[in-house]
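Heads up: the protein sequence lines correspond to chains A and B, in order.
Residue 46 in my numbering is what sits at position 46 of the first sequence, and the numbering runs on without skipping anything.
Residue 346 in my numbering is what sits at position 161 of the second sequence, and the numbering runs on without skipping anything.
Where hints are given, some of them may not hold.
[As the list claims (entries may be wrong)] Computed list of lysine to any residue pairs in SDA-like fashion (alpha-carbon distance at most 25 Å, straight line):
hint, chain 1, residue 1, chain 2, residue 2
1, B, K257, B, A338
2, B, K366, A, K179
3, A, K179, B, L316
4, B, K365, B, A338
5, A, K16, A, G142
6, B, K346, B, K274
7, B, K346, A, T120
8, B, K346, A, K5
9, A, K149, B, K209
10, B, K346, B, K209
11, B, K346, A, T77
12, B, K274, B, P250
13, B, K358, B, D301
14, B, K358, B, A318
15, B, K209, B, M341
16, A, K5, B, T315
17, A, K5, B, T280
18, A, K179, B, P244
19, A, K179, A, T77
20, A, K16, B, K274
21, B, K257, A, T3
22, B, K365, B, N320
23, B, K365, A, D8
24, B, K257, A, T120
25, A, K16, B, P244
26, A, K149, A, V119
27, B, K358, B, T315
28, B, K365, A, R4
29, A, K16, B, N320
30, B, K358, B, C288
31, B, K346, B, K358
32, B, K365, B, P244
Hints in this document: simulated from the structure, not taken from any laboratory.
Single-letter residue listing:
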Amino acid sequence: MNTRKFSDAMDQLHPKYVEEALEYRKRQKKPLWLKWGAAAASLCLVVTAVLFAARADGADNSDALLAVDTIPPAGLTLTIVDVAPDDAEFLITNNSDFPVRYGRANRVERYDSGSWTEVTTESAGVFPLAPRTIQPGTRMYGMCGWVVKGLTLEPGVYRYLLVVDILEDDREPYPVVLKAEFVIE
Amino acid sequence: MEDAAIIELFFQRSEQAIQALDEKYGALCHSLSYNIVGDRQDAEECVNDAYLGAWNAIPPARPAPLLPYLLKIVRNISVGAYWRRTAAKRDSRYTVSLQEIECCAAGAGEVEDAVDARELARSIEGFLDTLTAENRVIFLRRYWFADSCRDIANLMGLSEKAVSVRLVRIRQKMRQYLLKKGVSL
């Protein structure tokens, strides 16, 4: 086995990969007070929206959001690209005609005896404070995120539900639920 | 001190150039070298040699950004020192990370074509471009920076186990990618 060759090859990688690894450190490092401050601000925003919003569907809590059955626009898909018992990566591909805003709620469900059972649900507070918009013709990777709860999934069939908002012109943003199944072996 | 100002000191052949470099980036340089050589004294020598290398290269080089350029010199010198040791004395984080790569090498007879380090580097770059940014950073932190899984976990906001699992999958993917390309390690 030529680990020496691998070592030499790593030394000849383009500097952009090293820069990315260095820059990632700077982007992710936030002081604890900023994280808690952002979480508190997010919670305030959610509470305020619940108290004062005049939304007809009342879908401001995770359970209600995840029960929305509006069909996603054609070309908007969610796939699971990498799976492990402690987390999985998803890919949102937006080939629809509309921008899509990421991050309202998600849920992991397990298929058991003919029905889907909730494993864990995350609410708006754990998503980025500044929503990410996925423009038409682009895509976004992300983590399903159950690892942060210390969960390890047993072998079985699961599905990941993710609530995103569709941003159509001349219409209020509305939520849709994207779903993708995956298998833990 | 800004990188541009440090480089200007090099161009002026000022003795303060090395001091300024060490004040700003010394900790990172020592950390990288120590990860590879596993000995504080040896790491100190490697970093000093790297500073001399930078002094000899700047000018005419005017690296921007400065840090990846400097770290590449540090790594190159440190890896050279690593391989000059006898196998019995190679006891560092870098040894552990190379052992992981050894396990994912193609078996005898699977691939006939052996490539040199430069070609392998291009192939690895092609593989890295198939990964998400997060996984790419994890790969670089492990096999370029020789960080421990714990350090990577702290950096990425993941558990140590999640990092370990991801590295297994990334190595498996790399093996498959290189086999398809007809490249052996």
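Hint check results:
1. With a CA separation close to 23 Å, the supplied pair B:K257 and B:A338 stays within the 25 Å bound.
2. For the suggested pair B:K366 and A:K179, the alpha carbons sit about 34 Å apart, so the restraint of at most 25 Å is broken.
3. Straight-line distance between C-alpha atoms of A:K179 and B:L316 comes to about 22 Å, which keeps the hinted pair within the 25 Å bound.
4. A C-alpha spacing of about 31 Å is found between B:K365 and B:A338, which places the hinted pair above 25 Å, so the restraint is violated.
5. This hinted pair checks out: A:K16 and A:G142 have alpha carbons roughly 22 Å apart, not beyond 25 Å.
6. The straight-line distance between the Cα atoms of B:K346 and B:K274 is roughly 28 Å, outside the 25 Å bound, and the hint therefore fails.
7. Between B:K346 and A:T120 the alpha-carbon distance is near 20 Å, which keeps this suggested pair within the 25 Å criterion.
8. The hinted pair formed by B:K346 and A:K5 fails the criterion: a straight-line CA distance of about 28 Å is larger than 25 Å.
9. Restraint check for A:K149 and B:K209: the C-alpha separation of about 37 Å exceeds 25 Å, so the hint is violated.
10. Between B:K346 and B:K209, the direct Cα distance comes to roughly 33 Å. Violation of the 25 Å bound is thereby established for this hinted pair.
11. Distance hint between B:K346 and A:T77 is unfulfilled; the C-alpha atoms sit about 30 Å from each other, more than 25 Å.
12. For the suggested pair B:K274 and B:P250, the alpha carbons sit about 34 Å apart, so the restraint of at most 25 Å is broken.
13. Only pairs whose Cα atoms come within 25 Å are accepted, and B:K358 paired with B:D301 is accepted, the gap being roughly 21 Å.
14. At most 25 Å may separate the alpha-carbon atoms for a hinted pair to count; B:K358 and B:A318 meet this at roughly 15 Å.
15. Among the hinted pairs, B:K209 with B:M341 is consistent with the structure: their alpha-carbon atoms are about 23 Å apart, no more than 25 Å.
16. Of the pairs offered as hints, the one joining A:K5 and B:T315 holds, with about 22 Å between alpha carbons and a cut-off of 25 Å not exceeded.
17. Taking the CA atoms of A:K5 and B:T280, the gap is near 14 Å; set against the 25 Å cutoff, the hint holds.
18. The hinted pair formed by A:K179 and B:P244 fails the criterion: a straight-line CA distance of about 56 Å is larger than 25 Å.
19. Between the alpha carbons of A:K179 and A:T77 the distance comes to roughly 8 Å, so the proposed pair stays at or under 25 Å and holds.
20. For a cut-off of 25 Å, the pair hint linking A:K16 to B:K274 is broken: about 32 Å separates their Cα positions.
21. With a C-alpha separation of about 19 Å, the suggested pairing of B:K257 with A:T3 holds against the 25 Å cut-off.
22. Between B:K365 and B:N320 the CA atoms are separated by roughly 20 Å; this keeps the pair inside 25 Å, and the hint holds.
23. The suggested pairing of B:K365 with A:D8 holds, with an alpha-carbon distance near 21 Å, which does not exceed 25 Å.
24. With a C-alpha separation of about 44 Å, the suggested pair B:K257 and A:T120 falls outside the 25 Å cut-off, and the hint is violated.
25. Only pairs whose Cα atoms come within 25 Å are accepted, and A:K16 paired with B:P244 is accepted, the gap being roughly 22 Å.
26. Of the supplied pair hints, the one linking A:K149 and A:V119 holds, its CA atoms being roughly 11 Å apart against a limit of 25 Å.
27. Between B:K358 and B:T315, the direct Cα distance comes to roughly 10 Å. Compliance with the 25 Å bound is thereby established for this hinted pair.
28. Restraint check for B:K365 and A:R4: the C-alpha separation of about 22 Å stays at or below 25 Å, so the hint holds.
29. For the proposed pair A:K16 and B:N320, the alpha carbon gap of about 15 Å is at most 25 Å, so the pair holds.
30. Proximity of B:K358 to B:C288 is assessed by CA-CA distance (about 13 Å); at most 25 Å being required, the pair is judged to hold.
31. As the CA atoms of B:K346 and B:K358 are separated by approximately 18 Å, the hinted pair is consistent with the 25 Å bound.
32. A distance of roughly 42 Å separates the Cα atoms of B:K365 and B:P244; the hinted pair therefore is violated under the 25 Å criterion.
Comparing the model with each numbered hint stated earlier shows that hints 2, 4, 6, 8, 9, 10, 11, 12, 18, 20, 24, 32 do not hold.
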